[in-house]
Each structure stands twice: as C-alpha cells, then as structure tokens.
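Q: If you read the sequences in order, they're chains P and Y.
Just so we're aligned: the first sequence equals residues 148 to 426 in my numbering.
Just so we're aligned: the second sequence equals residues 41 to 324 in my numbering.
These are computed hints drawn from the structure, not numbers from a lab.
Take these hints with a grain of salt, some might be off.
What the hints assert, rightly or not - Partial chain P-side listing against chain Y, Cβ under 7 angstroms, derived:
| # | residue |
| --- | --- |
| 1 | D329 |
| 2 | V330 |
| 3 | L334 |
Note that the coordinates shown come from a computational prediction; the quantities given were computed from them, not determined experimentally.
All C-beta atoms, glycine included, are put in the ideal place defined by N, C-alpha and C.
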Amino acid sequence: MTSSLRFRAAIVSIALFLAFVGIWHIATRGTGTVAAMTPEYAKLMGLTATQGKSAMPGPLDVGAKLWEHLRRPFYDNGPNDKGLGIQLGYSIARVGLGYFLAVLVAIPFGFLIGMSPLINRALDPFIQILKPISPLAWMPLALYTIKDSSVSSVFVISICSLWPMLLNTAHGVGSVKREWLDVARTLEVSPVRKALHVVLPAAAPTILTGMRISMGIAWLVIVAAEMLVGGTGIGYFVWNEWNNLSLANVIFALLVIGLMGMLLDLGFASLGKLVAYQE
Amino acid sequence: MKPFVFVEQLRKMYPGARAEGPLCVFDGVSFTIDKGEFVCLIGHSGCGKSTILNIVAGLDAATSGRVIVDATEVRGPSLDRGVVFQGHALLPWLSARKNVAFAVRSRWPRWTEEQVARHAQKYLDMVHLTGSEQKKPAELSGGMKQRVGIARAFAIQPKMLLLDEPFGALDALTRGVIQDELLQICAATRQTVLMITHDVDEAILLADRILLMSNGPRAGIAEVVENLLPRGRTRQTIHRDPHYYPLRNHLLDFLVTRSKRYRNGAGSEAPRTTAHEPAQEAAQ
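So here's chain P without its partners, still in its complex pose (with noise of 0.2 angstroms):
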C-alpha cells in the first residue's frame, strides 16, 4: 500500500514537472514582431529583436547551459568567469565556516541558559532584542570591524544561526524530564557524566532541530550576503549573471541554489533521527 503511494505520488510529480516545463516551453516560444533592419544593423541587435526570440530563456537554453555547466564545473578564467562548482564551493566553505563558530558559541551557551534559571532571565532580554535584526543589517559594522569582504561573510552567517541553536539549545536542555534528573540525583552521578549521559541526549533531538533550522536560515543569508560582498560564491554568482543580462544561467544557478538546500536539509534530517528516541 504504502509502495503503491509513493509510486502514485512519483507519477503526479513527473506529470506536474512535464506539464510545468511544457508550459515554461510554449510561454517561452517566442512571438515578438520582428522589425526589418539591415544586416550591419541585425548583427548588433540580440536574437530578440532579430528573430523574434523571447527575452526569457527556455528550457532548452536552460538545459543546454546545464549541460554546458555540468561538463566543466571547475574552470577558473579569472575573477568573474568561474565554474559553478567553484562558486558553490566558496558558498559551502563559508556556510560551514560561519556555521561551525555558531555551534561552538551556541551549544555551550544553550546549556547554560537551559541549566540555570539565572543566566536564563539575565539573557532574555539581550537574545530577545538582538534575534530579530536581520543578519545582513550586521554587515556594514562587520565590514567597518572586520575590514575583509569574505571574513564578513562568515560572520553574517554565524550571526544567523545562532539564534535558533541556541534557544532551541536552551529549550531542549530546559526541559528535560524531572524523572530522569531525580534517577541521575539518586545515582549520585556526577556533573559531567550528567551533562554527557542523561542531559545532552534527552535534549539531542530538540538541538539538532535547532541546528537543522539554523543550516537552513544560513543557506538563505549565505546568497544575500554574497551579492552584497562580491568577488565569489553561488550568490555573487547570480548577480554577475544578472549584469551580464544571462537569464538562463541565473535559472540555472537558482536550482543548484534550491538542491543544496535539500541536501544540507536531508543531511541534517538523518542525523536528528540518529540521535531521536522514542518515549
């Protein structure tokens, strides 16, 4: 039953994927008046003006600029004509950077504001106000401090994963069971192996939760803040595209923009069922 489910599902989704490319297809044929011009002229013209050609790609120009992608990911031709693989690298060097510094602030911190009430209240109403500030209205103060364009970058990612780590940190630690404190209590175990055996894997799923979330708001920024920064990364990348007036490459970029966030997403979804458990 439930095989047959996802088999019906598998061809629902090919039928809307086929029926959204047919249609992108036929909007995108083309029926612009061609106007008559002399050869010289034609040759500054675009094909739009020539042939009547829709300004927005297709997706056989889309297609084929995957495939041109595809066959050279890594070709580095100066600054701005580099293989998407290498601007996707850059993006992902940088995520996980700014990411990682976030997980060494916000765990430990997490903890603590979930294990002591005091810490908690005394930190509220700094996370309540700096949560809401948009991680790139950091970047001028990051650029002015920091005086390095990528290194500001990692900040602005660091700073957006934070939040959602570490209350989600504080929460799942918060809120572990009485019962499982009172058997630690009574097993006179000691602080640390209480902090490593009972605490951190009662409250794993609720951090990884946290973490998950995190990865995905830093994959959000990370595009944001590289069209801000310039110089390389999948964001830069799309806007070079854009002055360059290449619609089908800025396409292109979004879906690889769109699968790395799946897969980041499908990562961090089979870690937390790694550490979940069942009550």
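For this one, chain P is given, so just place chain Y on it according to the hints.
A: Showing chain Y alone in chain P's frame:
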C-alpha cells in the same frame, strides 16, 4: 534491635495563596523501619505520601524534621537508597541493559565494561527479562519497563529500597506477577523496603507493617497495622488465610471512613498501633 530507619517529626509546608497562608501537607510524621523489614505507606492521593518517600530518598527536603538511615542523617540522594519511580523513569535512548548498566557504572565507576555488563545481566535475569536486554523502553510493555526499573534499583545493591507506587500504572494481572517477583527478590536479599501504594491487597501481600495516613491537609500517620499473616505469603493462597479478610476490611474501613476523622488533628496524636487481632475485629 535498633531500627535501621528513623523518620522524625517530618513536616512539609507549601507557600500557598497569600490570603490562605502556607499550606501544610503533612505534619508530625514519625516512624521507624527495622533492617530487612517491608513497610507500606497507604493513604489517599494528596496526603503527601510520595513527598515523604522523596524526602527519605533525599530528592525533596522537609520543612522540618529529619530522616536517619543507618545512623546517618539524609541530606541528599544517595546510592545507599535505591528508588523505583512511579513512572519507571527509564532513559528512553538506552536499551534495557544499558539502563541498568548506567546505574551499575554509577555505583562501581572502576569496573570494566565486561564486569558492568555481567552484573547488569544478572539483575535483568532476576526480573525475568532475559532476551529483552537490547530492547529500548518504548519496545517494552508497561510491566517489563517497571521490571527494568526494579532491576536498576536492586543492581546498585542499596542499603534500602524506596518504591513509589511502582505498579500503579499496570494492569491487575501483570501487577500480580511482578508483585510475586518482588516478594521473592526481597525475601532472597532481605532488603529493607519502604513502599507507597494505594492498593490494600498489595500492602497485605508485601508488607510486614502498614502505615495508614490520614487525609490532607495536615495529614499524618493515623494507624500502624502489623501484618500478622506469616511471611512467605503468596498471591495464590493469601486469601484463604483466616486473618486475611479481617485485615483487609480493617484497612478498607480506614481508607473509606476513618481516614477523614483524623483530619486537621493528626500531628498532635500519637498513631495507634494495631497488632492486628482478627478476634478483636470480629467482636466489633
């Protein structure tokens, strides 16, 4: 013989609503337990019997009064007092054996992995869980979970055992089976036990002495009933003992009617000790 456990003048107050002032849950609770004795504490919900057990365990603090176990005043939880919790309190991410091993490791930190595993297995075998050691608590039935809880408490070889309505959540058949097991284990280990229950039959089967608590607020121990049914009681034969029904009626009468009578005055009176005489009961 000097008693093993002294509970002296325990009182628990909770800060209540401002108009009513602090709420006194129980007051003047005193009793003793001899080494190797099985004592049950019976009372209606809200009389604070779980709180008393938690105070003896060291998990909760009394407003006044003190508890002395083995000539040492209780100041906090200790490996000397094993606790079986009401809601089994197993760590759900660990298998049955690892739950027991966690306790064993706490008791003997220097043991090798193999020693810990062997010791844990011995106690799992004791509660008839052989073959289910690798299962997580979610895969075990309610009765099996509570068995793991019992194995965990016994595995640390505590000086006394505290059971907080351990069978409350189980169906009657499972409860009977585990009661029998507990009875056997206690008889074999000569364990000193304090158990909370609201099941009269369970108390008669298991306990050597039954402490009856009056209703709260200001609850107290109203009567102490000696169980004169000889040790070696079993579930199959206990109801044929001529002393069984008089004792059972006595306890039920207390819960149904007399427990209310002591209200608001329990602390001042000394509990009446009944060395339960069936003849006396019949004469009433």
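Q: Hints first: check each against the structure and report whether it holds.
A: Hints, verified against the model:
1. D329: holds, 6 angstroms
2. V330: holds, 5 angstroms
3. L334: holds, 4 angstroms
Taken one by one, the earlier hints all hold for this structure without exception.
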